[in-house]
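Peer 1: So you can see what is in the structure, the chains are spelled out below.
Protein chains: 2
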Amino acid sequence: MNYFSSNFKLGILGGGQLGKMLLNCTRKFDIHTCILDASNEAPCKIASNEFYLGDLMDYNTVYNFGKQVDVLTIEIENVNVDALETLEKENVKVYPSSKTLRAIQNKATQKLFYVDNNLPTAPFTRFAYTSEINDAIENGGLTLPFVWKCAQFGYDGTGVKIVRTLSDLKGLPNVECIAETLVPFKNELAVIVARNASGETKTFPVVEMEFHPEANQVEYVICPARIDDDVAKKATEVALNVSKAFNHVGLLAVEMFQTESDDILINEVAPRPHNSGHQTIEASYTSQFEQHLRAILNLPLGRTDSKVGGVMVNLVGAEGYTGNVVYENIDDIMKMEGVTPHIYGKKQTRPFRKMGHVTIVNEDLSKARKVAEKVKKTIKVISK
Amino acid sequence: MNYFSSNFKLGILGGGQLGKMLLNCTRKFDIHTCILDASNEAPCKIASNEFYLGDLMDYNTVYNFGKQVDVLTIEIENVNVDALETLEKENVKVYPSSKTLRAIQNKATQKLFYVDNNLPTAPFTRFAYTSEINDAIENGGLTLPFVWKCAQFGYDGTGVKIVRTLSDLKGLPNVECIAETLVPFKNELAVIVARNASGETKTFPVVEMEFHPEANQVEYVICPARIDDDVAKKATEVALNVSKAFNHVGLLAVEMFQTESDDILINEVAPRPHNSGHQTIEASYTSQFEQHLRAILNLPLGRTDSKVGGVMVNLVGAEGYTGNVVYENIDDIMKMEGVTPHIYGKKQTRPFRKMGHVTIVNEDLSKARKVAEKVKKTIKVISK
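Chains as they are written, first to last, in the UniProt record's numbering: chain E, 1 to 384; chain C, 1 to 384.
Hints in this document: simulated from the structure, not taken from any laboratory. Any given hint could be a false lead.
[What the hints assert, rightly or not] Pairs of lysine-lysine residues, derived as PhoX-like cross-links and limited to a Cα-Cα distance of at most 20 Å, are as follows:
(1) C/K45 with E/K9
(2) E/K335 with C/K202
(3) C/K377 with C/K367
Bound conformation, chain E alone (with noise of 0.2 Å):
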């Protein structure tokens, strides 16, 4: 098929940043687009060819929606699956697969899909309600501290709680839940692996994430990580065994923890442009979204390898503002050496929310990293 002609359609399910930042690389190839989102105020409702608005999880909203379109591609996991399953039994090409959404939208069933496939990952239980937690621990079945995650729908970490005494649980939503043992680790790494439906495969370089210690955020990104070479090989070989595990079309980022004894464990998997790969946008020779874009399209992959080092800083609500979103200090961080930032567009801000991120890139990455920690500390996104 001849993309980059009319007739082709592409479907994208949410409208966010993602979303947008993915837009920008179908205008540059001329792809037409469609988008489907619940909001009206959503960042793509501009710069694609059609907008929707709709419910991502109600099974007719997306069936129909996906109906119209030649590949369906996602920002956001939680949609109807089943819809997409229909979608694909009827020959849509849906990239990242129903199979691999369905294994990954639930922790507890991502957790067992790892262990299924001798994939490294911490160990963890299982709690159909988080209300069974107490009984475990009073049964010697489980031993404190742990991870509490909650099973689906948890997002920038919400739905994560570190449970050191008893008193943790309380208020932790009674749901379906895993408790992962507590692993000690001295970094966050991310691989992102891309891979189109052709079979040819690629990895961006392993990453290194600072996360916001209360938001449980990534707060840095740094390109690439600072760690041996060794490790940073044991890395890109689990993420691209998670990859061939999961046999998927697209981007997948893995999320991996380097623990004391340099072992890598898989944290969790995203399979869509993510937010460890941001800083790809003027790091590297291609882009996460351009090489999204070149997988899901069956497209040749592109150069994976960085031009220049680059550090992504996250960009979220001040806490104790919401509101009508101001930036300010803008023209302060723009005058720094290697700064771009990328206002994701949303119109209100509250305490954590993404609303924009900003690349600092240099030859030299410690320099990068210096100015990152200026940025970080002189913009900010409050309300008026």
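Following the hints, position chain C against chain E.
Peer 2: Relative to the frame of chain E, chain C by itself:
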């Protein structure tokens, strides 16, 4: 003014490929954009916030469009300058200014501007009509060969002809024109100067242009130019002097000749993003489009040096094909190292029409140049 929040509006006159690439940056910064273009199929129809159909040469259309925006810029010079002048008086920020545009729109006036400002350019004679040229030759006031250039509305090589014999004059339109001394040159060079309203000025590296012999359109742009440092320095100085003379805000692309004796002569200028700067999207720390936006919004200018070497190939319609465009072998060029196609989204091709461009980047410029030749030989812009 806080550009990164609502209320602010940026107006762009023209909705072609330059506007389209500029829109990609406005999306990144979440700047509200309004586009005016005469075609309902303009590439900018999507990705702008507001799109208006209308004649760019009509006073009332341009005035009414401009009246609603805070900053007004262009992506094509052929616009109604009287309307811009009125808008300036009514405190709309117009970049480039009506004064600059008036000096540039007419090639005779542009050349006189260089003479008046002691800027180096090839000698020339102005004629009110092409028909006057024969007399001048007979009188000995003009000698063959020379370059005939129509004074107004020339674009992409139309309106330029090398006149070696009297018969070459036949068929030329009988319009205001100039006859310019044919200066033998080694290279055609270009420098893009960026200047913001506060006066901060930066230049992109000197690029080298290879022209298609027949269509007189740029075939390859090579960044950086493969010239001696002192020539590059001289070209940059001339470009800065032109910029200073115009006192312009935004981008000014200065096209120059490097003569056999390594003198620099100004060919012509464009006060906007330019074909000679497309490779900056992939090769430079800051793309020319982001830089134009930074300049006209009076934001700090970004780094203009290159991350890697870059070569740009124009994708123009193949001879013998007019109609619905097809990009043949695009998959093959995407297999090549460091290749990014940009498809402008024009539905109809015709011989030599600019339909897109391809950027090839590599840490080794000579490798990029080789790949560019392969790209040129492989891809075909035809009709079905």
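Peer 1: For each hint, tell me whether it holds in the structure or not.
Peer 2: We went through each hint and held it up to the structure:
Under the criterion of a C-alpha separation no larger than 20 Å, the hint pairing C/K45 with E/K9 is consistent with the structure, at around 18 Å. Between E/K335 and C/K202, the direct Cα distance comes to roughly 13 Å. Compliance with the 20 Å bound is thereby established for this hinted pair. Our distance criterion of 20 Å between C-alpha atoms is met by C/K377 and C/K367, whose separation comes to about 16 Å.
The structure agrees with every numbered hint stated previously.
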